[in-house]
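Asker: Those letters in the sequence shown? Residues -9 to 284, per our numbering, in order.
These are calculated hints, taken from the structure and not from any lab test.
A hint or two may mislead.
As the list claims (entries may be wrong) - Calculated pairs, SDA-like style, for lysine to any residue (alpha carbon to alpha carbon, straight line, at most 20 Å):
no.: 1; residue 1: 264; residue 2: 249
no.: 2; residue 1: 53; residue 2: 65
no.: 3; residue 1: 192; residue 2: 213
no.: 4; residue 1: 150; residue 2: 183
no.: 5; residue 1: 71; residue 2: 95
no.: 6; residue 1: 103; residue 2: 62
no.: 7; residue 1: 71; residue 2: 183
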Amino acid sequence: MQSQKSFAKDQTSGILYLVPTPIGNLGDMTFRSVETLKKVDVIASEDTRNTQKLLNHFDIETKQISFHEYNTRQRVPELVKRLLDGENIAQVSDAGMPSISDPGHDLVVACIKQHISVVPLPGANAGLTALIASGLSPQPFYFFGFLNRKQTEQKQQLEKLVNKEETLIIYEAPHRLKKTLTNMNTIFGEERQAVLCRELTKKFEEFLRGSLQELLTWATENEIRGEFVIIVEGNQHASQASTEALPAMSLEDQITNLISAGEKPNDAIKQVAKLRGLRKQDVYATYHHLRDSE
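Make a model of the complete structure from these sequences and hints.
Answerer: And the structure:
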């Protein structure tokens, strides 16, 4: 067991501060966060150019060092050494809480192993900001973050999430939104309720509430801009048998949706067969009307 007294006076090493930054509105920066960034010896930033804009706005002159997913192996030992030598370091991501969808977690783990105090500051977080305004049940919730960009891997992830009873929190980029919603319609079902939360805290903040089918229609008919948080209703029938929890969409519609999302016909048939627990040959025959449909 390890005990951390964050502000003990007899500490010989420095402190790693995890400082949240605004997700869009600079007014969401806290007084404590600004003060911390001013007093530390260095700021470890995911993107120094992006963070410099924030520092300029608040007249913060502290020097930065880059710390991102491509230099983690080099930077973690370097930052830990500086902390052990007594320097105080603030770690920030491009937006929101550090360690969420960025390499900050690796640094936290390394610091804990060296008995270096890790002090988190509260602040902006896109997932929770979206959740409390979504209208869907705020608790319990399951934070997933970004789904895999590859089609096959993403569908496998969604299949693991389909029976989750908790409200789901998922991040998505604008250029991948339509494909992700298509996969959700196929695997979760068209009637599952969800909310698209766009441009949170910014001038064009928008919440789109409806069924997954309605949201897919919106994404198909409109130009998609801005970063999204997708809040998805938990499965209200997760305790039923898996066959009863399958999407209400017809077999043919499921296959058509996958093909529309870029899947090859045979791969789409294989995917639906696996999801429904059917033989691939039977699904193939039904889709191509080689025998009476279901």
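Asker: Does each hint hold? Answer for all of them.
Answerer: Hint by hint, here is what the structure shows:
1. 264 / 249: holds (16 Å)
2. 53 / 65: The hint holds at about 16 Å.
3. 192 / 213: Distance ~18 Å between residue 192 and residue 213 Cα, so the pair holds.
4. 150 / 183: Given that 20 Å is the threshold and the Cα spacing comes to 18 Å, the pair holds.
5. 71 / 95: Holds, because 17 Å separates the two Cα atoms, which is no more than 20 Å.
6. 103 / 62: Given that 20 Å is the threshold and the Cα spacing comes to 17 Å, the pair holds.
7. 71 / 183: Status violated; Cα separation ~49 Å.
The structure fails to meet hint 7 from the earlier list, while all remaining hints are met.
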